[in-house]
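Trainee: Here the protein sequences line up with chains A, B, C and D, keeping their order.
First residue of the first sequence? That's 1 in the working numbering, and the numbers climb one at a time after it.
First residue of the second sequence? That's 1 in the working numbering, and the numbers climb one at a time after it.
First residue of the third sequence? That's 1 in the working numbering, and the numbers climb one at a time after it.
First residue of the fourth sequence? That's 1 in the working numbering, and the numbers climb one at a time after it.
Calculated directly from the structure, the hints in this document are not laboratory data.
Heads up, a few of these hints could be off.
Unchecked claim - The calculated SDA-like cross-link candidates involving lysine to any residue, where the alpha carbons are at most 20 Å apart (straight line), are:
1. Lys88(B) x Asp104(B)
2. Lys88(A) x Asp113(B)
3. Lys88(A) x Leu36(B)
4. Lys88(A) x Pro114(A)
5. Lys88(B) x Arg38(A)
6. Lys88(A) x Arg141(A)
7. Lys88(B) x Val109(B)
8. Lys88(B) x Arg38(B)
9. Lys88(A) x Gly140(A)
10. Lys88(A) x Thr93(B)
11. Lys88(B) x Thr93(A)
12. Lys88(B) x Glu95(A)
13. Lys88(B) x Arg141(B)
14. Lys88(B) x Arg143(B)
15. Lys88(B) x Asp113(B)
16. Lys88(B) x Pro34(A)
17. Lys88(A) x Glu95(B)
18. Lys88(B) x Gly140(B)
19. Lys88(B) x Asp139(B)
20. Lys88(B) x Pro114(A)
21. Lys88(A) x Arg145(A)
22. Lys88(A) x Ser54(A)
23. Lys88(B) x Arg145(B)
24. Lys88(B) x Pro114(B)
25. Lys88(A) x Asp138(A)
26. Lys88(A) x Asp139(B)
27. Lys88(B) x Val137(B)
28. Lys88(A) x Gly33(B)
29. Lys88(A) x Arg143(A)
30. Lys88(B) x Leu36(A)
The primary structure of each chain is shown beneath.
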Amino acid sequence: MSDPNLSTTGGPTTGGPTTGGPTTGGPTTVGPGPVLLRLPADPAMSRVLRLAASGLASLAGLSVDEIEDLKIAVSEVLVVLIEHGGGKPVDVTIEVVGEGFQIDASTEVIEFDPDDPDLRLCRTVLGGVCASHEIHVDDGRARIRAVMVRSH
Amino acid sequence: MSDPNLSTTGGPTTGGPTTGGPTTGGPTTVGPGPVLLRLPADPAMSRVLRLAASGLASLAGLSVDEIEDLKIAVSEVLVVLIEHGGGKPVDVTIEVVGEGFQIDASTEVIEFDPDDPDLRLCRTVLGGVCASHEIHVDDGRARIRAVMVRSH
Amino acid sequence: MSEFASNDALSVQIGDDGSIVVAGEIDMAGGPVLDAAITPRENDQPLVIDLAQVSFIDSSGLRSLLEASRRAHTRGTVVQLRHIGPEVARLLEITGTTDQFEVTLR
Amino acid sequence: MSEFASNDALSVQIGDDGSIVVAGEIDMAGGPVLDAAITPRENDQPLVIDLAQVSFIDSSGLRSLLEASRRAHTRGTVVQLRHIGPEVARLLEITGTTDQFEVTLR
Ligand SMILES: Nc1ncnc2c1ncn2[C@@H]1O[C@H](COP(=O)(O)OP(=O)(O)O)[C@@H](O)[C@H]1O
Ligand SMILES: Nc1ncnc2c1ncn2[C@@H]1O[C@H](COP(=O)(O)OP(=O)(O)O)[C@@H](O)[C@H]1O
Chain A
1 MSDPNLSTTG GPTTGGPTTG GPTTGGPTTV GPGPVLLRLP ADPAMSRVLR LAASGLASLA
61 GLSVDEIEDL KIAVSEVLVV LIEHGGGKPV DVTIEVVGEG FQIDASTEVI EFDPDDPDLR
121 LCRTVLGGVC ASHEIHVDDG RARIRAVMVR SH
Chain B
1 MSDPNLSTTG GPTTGGPTTG GPTTGGPTTV GPGPVLLRLP ADPAMSRVLR LAASGLASLA
61 GLSVDEIEDL KIAVSEVLVV LIEHGGGKPV DVTIEVVGEG FQIDASTEVI EFDPDDPDLR
121 LCRTVLGGVC ASHEIHVDDG RARIRAVMVR SH
Chain C
1 MSEFASNDAL SVQIGDDGSI VVAGEIDMAG GPVLDAAITP RENDQPLVID LAQVSFIDSS
61 GLRSLLEASR RAHTRGTVVQ LRHIGPEVAR LLEITGTTDQ FEVTLR
Chain D
1 MSEFASNDAL SVQIGDDGSI VVAGEIDMAG GPVLDAAITP RENDQPLVID LAQVSFIDSS
61 GLRSLLEASR RAHTRGTVVQ LRHIGPEVAR LLEITGTTDQ FEVTLR
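Same shape as in the complex, but just chain A (with noise of 0.2 Å):
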């Protein structure tokens, strides 16, 4: 006895998108937006950071590999901009997207170079887990975009 229907997490003043859990079968859907998390500028805001996307990330259906990935991704964005940001809050925005997840993230900067090869292990990382990624410096803040592809 089963029902796909049921395994819809909607509430009552939510008519968004359905998202539906890996055990239900039922279609990948894009999720119900995106989440921001401004964090301050300390190392053990690493953990917290994947703690939160790797509850996303299960929310829509990524496999354990995937999970692994985007846990490895956050993880980069973060060294990137509090390694090499202004001691500042880092914003970090989460969202499903189509073809899988996108990663935007920011801080305040005062001197960043996207070239530092300070950078090139991390770069490397992301190039290893993303799809595509981008770091510039634009009005004063360091940006990051990665994004993450599904492969189902």
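Given the coordinates of chain A, assemble chains B, C and D with the ligands onto it according to the supplied hints.
Mentor: Relative to chain A, chains B, C and D with the ligands alone:
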């Protein structure tokens, strides 16, 4: 062989207070600053918020029971603001303050009565897990402040 | 046991004895899933809900249980909460609603 | 085994054989903790780091390991990463740094 100074999690760019973990037995310190989450008004965000909150709580050295209470508190705050809100994003700020944790949350509302009998169960639960809580409407937004006091 | 409904944090199954077996977290997203499992099973017999595997419950989950209890009382029967753990017990205690149910501990 | 240092997500202990036994998540907060455990143990013998209980590593953790490897090479010795799991293996692979270490799998 044990050097408690090594338990600090401060990185290169942060000169803030240390965030010693529970296993090091150091003094309980106030955290690095507020963490803000802006969540879509979707019931599925409840678990994402609990994950982030429990990460923060374990960072702050809360006990397992205190972490459970914080998870309940943030869930209730979200019940109030999503089930009685206007469907717009919900902002939740969690901060380690001197005596414990403070949760400040708000969302745009259309009609919202802080004394709505439908809020009684949430209030009873918040009253059970928090030292104090307050719900009011201000400038078209429902706002909740809840304070949890640590037992140590 | 047959799978009834779930989301990524909650699963509801129907036990071979007709009990409703819940596992995971019953929050705002889970309350409606639980409601949907309870309603078609309501009759003049005690409604048995096994909560042994429930690791989190908030007022949304409790509300489902309380409403089921209220409906059960109007049918002259009860809701039995089986094998509740400390998380469920704490919420029942805080809200003073333990006596709305027949409760057995985990 | 003696406790060396930890934060809430990472513990570093020194094994009876002098190996550095890491458990938990090696991220931006954990990298410095690991550095502090490694540095005083550097000599002309292979430096053994047991990663069996490591469930997460990012470039911060890898950087600590790579720097230890580089320093070991200048001393004419190596860093041995023992019992690495899939998370560590994946990061070594992505970065093409597996050959900087003597690696045994979990
Ligand atoms: N021994 C090492 N110490 C520090 N970083 C290293 C080491 N070996 C490789 N890396 C890093 O791993 C990544 C891949 O290395 P490499 O193959 O040298 O690529 P590239 O030269 O294009 O940066 C680079 O970001 C590099 O900085
Ligand atoms: N059978 C029930 N159904 C729904 N909610 C209940 C039930 N019993 C108690 N409650 C809720 O639990 C909380 C505590 O209940 P009660 O002792 O009646 O306090 P009060 O009358 O002050 O609200 C209240 O918020 C109430 O709404």
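Trainee: Determine for every hint whether it applies to the structure shown.
Mentor: Tested hints:
no. : hint                 : verdict
1   : Lys88(B) x Asp104(B) : 16 Å, holds
2   : Lys88(A) x Asp113(B) : 37 Å, violated
3   : Lys88(A) x Leu36(B)  : 14 Å, holds
4   : Lys88(A) x Pro114(A) : 18 Å, holds
5   : Lys88(B) x Arg38(A)  : 18 Å, holds
6   : Lys88(A) x Arg141(A) : 10 Å, holds
7   : Lys88(B) x Val109(B) : 8 Å, holds
8   : Lys88(B) x Arg38(B)  : 10 Å, holds
9   : Lys88(A) x Gly140(A) : 12 Å, holds
10  : Lys88(A) x Thr93(B)  : 16 Å, holds
11  : Lys88(B) x Thr93(A)  : 16 Å, holds
12  : Lys88(B) x Glu95(A)  : 16 Å, holds
13  : Lys88(B) x Arg141(B) : 10 Å, holds
14  : Lys88(B) x Arg143(B) : 14 Å, holds
15  : Lys88(B) x Asp113(B) : 17 Å, holds
16  : Lys88(B) x Pro34(A)  : 12 Å, holds
17  : Lys88(A) x Glu95(B)  : 16 Å, holds
18  : Lys88(B) x Gly140(B) : 12 Å, holds
19  : Lys88(B) x Asp139(B) : 15 Å, holds
20  : Lys88(B) x Pro114(A) : 35 Å, violated
21  : Lys88(A) x Arg145(A) : 19 Å, holds
22  : Lys88(A) x Ser54(A)  : 24 Å, violated
23  : Lys88(B) x Arg145(B) : 19 Å, holds
24  : Lys88(B) x Pro114(B) : 18 Å, holds
25  : Lys88(A) x Asp138(A) : 16 Å, holds
26  : Lys88(A) x Asp139(B) : 28 Å, violated
27  : Lys88(B) x Val137(B) : 15 Å, holds
28  : Lys88(A) x Gly33(B)  : 10 Å, holds
29  : Lys88(A) x Arg143(A) : 14 Å, holds
30  : Lys88(B) x Leu36(A)  : 14 Å, holds
In this structure, the hints that do not hold are numbers 2, 20, 22 and 26, in rising order.
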